[in-house]
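Trainee: For the record, the sequence lines run as chains A and B. Straight run, no breaks: the first sequence in my numbering ends on number 343. Straight run, no breaks: the second sequence in my numbering ends on number 284.
Keep in mind the hints are simulated off the structure, nothing from the lab. Don't take each hint at face value.
25 Å max Cα-Cα, derived BS3-like pairs, lysine-lysine [claimed, not checked]:
| no. | chain 1 | residue 1 | chain 2 | residue 2 |
| --- | --- | --- | --- | --- |
| 1 | A | K193 | B | K246 |
| 2 | B | K127 | A | K197 |
| 3 | B | K127 | A | K243 |
| 4 | B | K127 | A | K193 |
| 5 | A | K197 | B | K246 |
| 6 | B | K54 | A | K333 |
| 7 | A | K243 | A | K148 |
Listed next, the stretches of chain A that the computed footprint assigns to chain B, with coverage defined by at least 3 CB atoms under 8 Å from CB atoms of chain B [said to hold, decoys possible]:
| no. | segment |
| --- | --- |
| 8 | 203 to 217 |
| 9 | 322 to 333 |
Selected chain A positions facing chain B (Cβ under 8 Å, derived; list incomplete) [unchecked claim]:
| no. | residue |
| --- | --- |
| 10 | P39 |
| 11 | P140 |
| 12 | D160 |
| 13 | E221 |
Backbone N, C-alpha and C fix where the C-beta goes; we use that ideal spot for every residue, glycine too.
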Amino acid sequence: MKKLVVCALCAAMVIPAMSVSVSADSKELVLYTWENMFPQEVLDGFEEETGIKVVYSNFDTDENMLEKLSMAKGGDYDVVVADDYIIETAIQEGLVEKLDTSKLSGWDNINPLYQGQFYDPNDEYTAPYGAGIPLIVYDPDLVDIDIKGYNDLWDESLEDSIALTANYRVINGITNLALGQDFNDQDTDDIAKTGEKLLELAPNVRLIQDDNTQDSLLNGEASVAFLYTSQVTAALQENPDLKVVYPEEGLGFGVMGMFIPSQAPDKDEAYQFMDYILQPENAAKCFDYIGYYCTNKAADSLLENQDLVVPDSVTEGSAVENISAEAEEAYNKNWTEFKAACD
Amino acid sequence: MKKHKSGSVWMILPLYIFTIIFVAGPLLYMVALSFAQPKAGHGVEWAFTLANYKKILDPVYMKTFTGSFQLAVTSTIIICLIGYPFGYFMAKLSDQWKKRAMIFLMLPFWVNSLIRLYGWMIILQTKGLLNHVLKSLGLIEKPLRILYSYPAIVIGMTYVLLPFMILSVYSSAEKLDWSLVEAARDLGASPFKAFWTVSFKLTLPGLLSGVILTFIPSMGLFFIADILGGNKIVLVGSLIQEQMTKGNNWPFAAALAVVLMILTTLMIMLYRKVTNAKELEGVG
C-alpha cells in the first residue's frame with residue numbers, strides 16, 4: 001500500500017514537469033485582452049508563420065487587467081490590449097515596456113491620427129489597435145442643410161430633431177471643438193463658455209439616450225444623430241442612404257492600445273506578434289472582425305467594411321483624457337443644466 | 001400602552017435586528033456618505049464637508065427639485081381627476097362587475113412596468129399607432145410629436161400610478177354608507193350638493209392617501225422621464241442615478257437622496273396632520 005502511494009506521488013510530480021518541458025520546446029505567447037478581440041484566422045496564421053502558440057487570456061474590465069498586471073509586477077503576460085485611459089496609469093506605474101520600434105517593421109503603417117495621444121505622447125509604449133469614434137449621422141431626405149461639422153448642429157432648421165448619446169464628457173468635448181477650444185479643456189472659465197454654448201443647442205435636441213440611439217434615426221423620431229461607432233455601423237446597415245459626417249472641427253475618440261508589459265516572459269515573441277498584427281493584411285482582418293475604426297493606414301484599402309476607414313481629409317483628433325476633479329465637476333454641471341434646458 | 005410580556009420581546013427581536021441591519025444601516029451609511037468627499041477619478045474620501053449640501057443650493061440643482069415637484073403636482077392632479085371618479089363609480093357597481101373591474105385593474109401589474117412603457121413608446125412615436133389612427137380618421141395632417149416631450153412623461157406617470165389612486169378611492173367609497181346620501185336627497189339636497197357634502201367628504205381620506213401614494217413615487221420615477229421623455233428633463237431621481245453612475249460622485253448623490261427623503265417625510269407629516277383634522281371634523 002505504501003509503495004502504491006509513493007508511486008502515485010512520483011507520478012504526480014513527474015507529469016506536470018513533463019508538460020512544462022513540452023511547452024518550453026514549442027514557443028508560447030500569452031495574449032491578454034477582452035474576449036473576441038482577434039479573429040481565430042489571424043491567431044492561427046501567426047502560429048503557422050512563426051510556430052508560436054498564442055494563449056488567449058481574457059479580462060472583462062480595464063480595471064481588472066491593471067490589477068492583475070500590477071500583482072504580477074508587469075510579468076506573466078506578453079502582449080496586452082486595453083483602453084487608452086488605463087494605459088496611462090499602467091505606464092505611470094512602470095508596468096509597460098518601452099518599445100524598440102526597430103523590431104517592428106510595420107510600425108510606419110500606423111495612422112498618425114491616433115498617435116501622440118495623451119496616454120503615450122511620444123509613442124514610446126503602445127501601438128493603437130482600433131478606435132471608437134462618435135460621429136454625426138443624418139438623413140439627407142429630412143435635413144435641408146449640408147452638415148459638415150459640430151457647428152451645424154446649432155442650425156435653427158434642426159429644431160427638435162437631434163438625438164444625442166448620453167456621455168457628458170464627449171458632448172462637452174464636441175462643444176469645446178465647436179467653440180475652437182481643446183476637446184479636453186480644463187480651464188473652468190472655458191468650461192463655463194462651453195456650458196453657455198450647450199444651452200443654445202438645447203432647442204434642437206429631441207432625445208438623449210445611450211442605448212440604441214440609432215433607432216430614433218431609423219424610425220423617424222430624429223433626423224440627425226450623434227452616435228457611437230457600433231451604432232453608426234448598425235444604422236448604416238439598416239439604411240445605407242444615411243450620411244456620415246466626419247466633423248471638420250476634428251474628432252473626439254477613444255483608442256485601444258497594444259503594449260508589452262515591462263517584465264513580459266517572452267519579449268521576442270511579443271515583438272513578433274505585434275509586428276504580425278501591424279502587417280496590413282492581418283490588421284484589415286482584425287478590424288473587420290472587431291468592428292472598430294482602423295488605426296492602420298496601410299490596411300485601410302484592404303478592409304471589407306469601408307465604413308471603418310476614416311477619410312484622408314480627417315487629420316485632427318483627440319481622445320477623452322483623464323482630467324482634474326474640478327474640471328470634471330464643471331462639465332458635470334454643464335450637462336445637468338443642458339439636459340434641463342432641453343425641454 | 002400595554003406592557004409586553006418578556007417572552008414576546010424574543011419574538012420581535014429578529015425583526016428589530018433585521019430592520020437595523022437592512023434599513024437603518026444603509027440609511028446611516030447614506031447620511032454619512034453625504035458628508036464625505038468624492039475622490040478624483042473613483043471612490044470616496046472620508047473627510048467631513050458640507051460642500052455636497054451647499055452644492056444642492058446651486059440654481060442648476062435647485063431647478064431639478066422644483067422641476068420634479070411641478071411634474072409630481074401635474075401628474076397627481078390629472079390622476080385625481082381620472083382616478084377619483086373611476087374609484088367612486090367602481091364602488092357603485094354590482095358585486096360581479098366589481099370583481100371584473102378589479103381584475104382589469106390588476107392585470108397590467110402582471111407585466112413589468114418597463115415593458116409597458118416601451119409599449120407606450122410604440123403608441124406615441126411619430127410613425128406610431130396613435131398618429132396612424134388620428135391620421136386615418138382625418139383629425140390631423142401632420143403627425144403629432146408627442147414622444148420625448150413633457151406630455152409624454154405626464155402620460156407615462158399617470159398610466160403607471162393611476163391604479164394606486166383608483167384602489168385607494170375605491171376602498172374608501174366602498175365603505176361609504178349610501179343611506180346617508182339618500183337621506184340628504186330626501187331632505188331636499190340636489191344630487192351635486194348631496195355628493196359634495198356627504199360622499200365627497202367621506203371619501204376624502206381615500207383621495208388623500210391616493211395623493212400620497214402617487215405624489216411621492218412620482219418625485220423619484222426617473223425611468224419614465226428617461227424612456228418617454230428622451231432623458232431631457234432632469235428629475236431628482238435621474239440626477240441621483242447619474243451622479244452615482246456616470247458622474248462618479250456618490251457623496252453628492254447621497255446628499256440629494258437625504259434632501260429628497262426629508263422632503264417626502266415632511267409631506268407625509270403634513271398629510272397626517274390634514275387627515276387627522278378631517279377625521280375629527282367627520283366625527284363632530
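Trainee: Given the hint that K193 (chain A) pairs with K246 (chain B), test it: the Cα-Cα distance must not exceed 25 Å.
Mentor: holds (22 Å)
Trainee: Under 8 Å, Cβ to Cβ, is where P39 (chain A) needs to be relative to chain B, so tell me if that hint holds or is violated.
Mentor: violated (33 Å)
Trainee: Measure nothing beyond the straight line between the CA atoms of K127 (chain B) and K197 (chain A); if it is 25 Å or shorter, mark the hint as holding.
Mentor: Measuring from Cα to Cα gives roughly 32 Å; hence the hint is violated.
Trainee: Please check whether the segment 203 to 217 of chain A has three or more residues whose CB lies within less than 8 Å of a CB on chain B.
Mentor: holds (count 5)
Trainee: Between K54 (chain B) and K333 (chain A), does the CA-CA distance stay at or below 25 Å?
Mentor: Answer holds: K54 (chain B) to K333 (chain A) is near 14 Å, not above 25 Å.
Trainee: Tell me if the interface restraint on P140 (chain A) is satisfied: Cβ within less than 8 Å of some Cβ in chain B.
Mentor: violated (18 Å)
Trainee: Is the straight-line distance between the alpha-carbon of K197 (chain A) and that of K246 (chain B) 25 Å or less?
Mentor: holds (22 Å)
Trainee: Hint D160 (chain A) vs chain B: min CB-CB distance below 8 Å?
Mentor: holds (7 Å)
Trainee: Next item in the hint list is E221 (chain A). Is there a CB on chain B closer than 8 Å to its CB?
Mentor: holds (6 Å)
Trainee: Taking 25 Å as the top limit, are the C-alpha atoms of K127 (chain B) and K243 (chain A) close enough?
Mentor: The hint holds at about 21 Å.
Trainee: Verify this for me: three or more residues of the segment 322 to 333 of chain A with a beta carbon less than 8 Å from a beta carbon of chain B.
Mentor: holds (count 7)
Trainee: Going straight from one Cα to the other, do K127 (chain B) and K193 (chain A) come out at no more than 25 Å?
Mentor: Distance of about 38 Å is beyond 25 Å: violated.
In the structure shown, a violation is registered for the earlier hints numbered 2, 4, 10 and 11, in ascending order.
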